[in-house]
Amino acid sequence: MLRQGNGSTATQTCSLFRLVRYSIIRAPSTVRHGQLMRLLELQYFTLVFVASCGLLQGVFTYRRVSGLQFFRSPALGYVFAVFFFVGSFVWFFSDERDLPPLVIEGSQQTVLFVAASALSVYFTYVLSFLIRSVRPSTTMALIAGEHGKRQPEQPTYNKRLPSVCRYVRHMILRLAGQGADR
Amino acid sequence: MIALDERLFLAINSLIGNWSAFDSVIAFLVNDYFIMLLLAFMLLGLWFWGADAGTRFHLQTLVLWTAVGIVLTSLVISILNVYLPDRPRPFVTYPDVKLLFYRPHDPSFPANSAAVCFAAATGIWIGHRRAGAVAFVLAVVFGFSRVYAGVHYPGDVIGGALLGSVSVLVTCWTFKKLHWIPGSMVNLMRFIRLA
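Note that the protein sequences, when read in sequence, are chains E and F.
Oh and the first sequence: position 171 is 171 in my numbering, straight run, nothing missing.
Oh and the second sequence: position 130 is 130 in my numbering, straight run, nothing missing.
Keep in mind the hints are simulated off the structure, nothing from the lab.
Among these hints, one or two may not hold up.
Quick list of simulated restraints, FRET-style, between CB atoms [what the hints assert, rightly or not]:
| id | chain 1 | residue 1 | chain 2 | residue 2 | range |
| --- | --- | --- | --- | --- | --- |
| 1 | E | F71 | F | F28 | 31 to 37 Å |
| 2 | E | V134 | F | F28 | 39 to 45 Å |
| 3 | E | R38 | F | V71 | 22 to 28 Å |
| 4 | E | V90 | F | F22 | 16 to 22 Å |
Computed footprint of chain E on chain F, listed as stretches where at least three residues anywhere in the stretch have a Cβ under 8 Å from a Cβ of chain E [stated by the list, open to error]:
| id | segment |
| --- | --- |
| 5 | 37-43 |
| 6 | 153-163 |
Because the structure is a prediction, the values reported are computed rather than measured.
From the three backbone atoms N, C-alpha and C, an ideal C-beta is built for every residue, glycine too.
Please model the entire structure based on the sequences and the hints provided.
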């Protein structure tokens, strides 16, 4: 709980949940209005980022965009989506913000929302790419063998991955190869 | 008309205190983030919703139109706030009004946040009817909560709702004539891998 009392002091509850949270975002024990605003903006950004990741997984699972799903199982994809979408809201709104009211202006909200959701899209690209790189390539063949045909190809948004990602993969494989040689 | 608006406001606001659970729900819904965020996430979902490239392109241009419509709404409200005489907030006119929200300082008419919500709901409705219906329900709930909480008259919310919806419809109609503008924007988004 962030409470701006008579002056500019703030107290924190001892709940483990908030303690972990404030240890992550480093809320000081004595904060001013400007600092509280920055904290709120950071919390808002985190909310949008995490909820967007959940939402995107939900949409990609529903649309069967295989290239951008974190999980092969649709059920797991939906569980992930609901957990992160609902969880981020619960996390954000469980905080009690007392008077004086802290309000992020509409234009600022828009900027934060666009930035966080764009970041979540890139995060989804990179993470799904890394997951696909790590997954054993034989699994697809096994599935294809089990069902007698290949899984239907679905459109992806990142058919041509950025060269940066390819370079990272190349470097990881090269480093792994060097490690194995030694 | 104004008298009717104020009577209606007082009737709705007088309900505070009858059901504490309902008051708590409204006190939560009236905040500046929850319903706004839900609507924004619906727009984000719509951005990636298309099953094929053509539908996706159509929905993405629509989301851009909606965003422009929301900006237009805010612009019109800023201009109205300069040229229209300020309508005081209900808690200023009636000091004994029960409040479930903090005291905003900007003019009461038109309701800015309600206008943005209805603008977003209109955009969603054009793209996806069922999601749009849900979005309109959320916008209506938000508008009602603003009146119930004592920060707006019903007329402010209705004015804002009309302004927001009309702005998005006008933007959509205009960009149908100038379709290359959102088209170029979506292509730019595709170039940076956001679409």
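Consistency of the hints with the structure:
no.	hint	verdict
1	E:F71 x F:F28: 31 to 37 Å	32 Å, holds
2	E:V134 x F:F28: 39 to 45 Å	41 Å, holds
3	E:R38 x F:V71: 22 to 28 Å	25 Å, holds
4	E:V90 x F:F22: 16 to 22 Å	21 Å, holds
5	37-43	holds (count 3)
6	153-163	violated (count 0)
In this structure, the one hint that does not hold is number 6.
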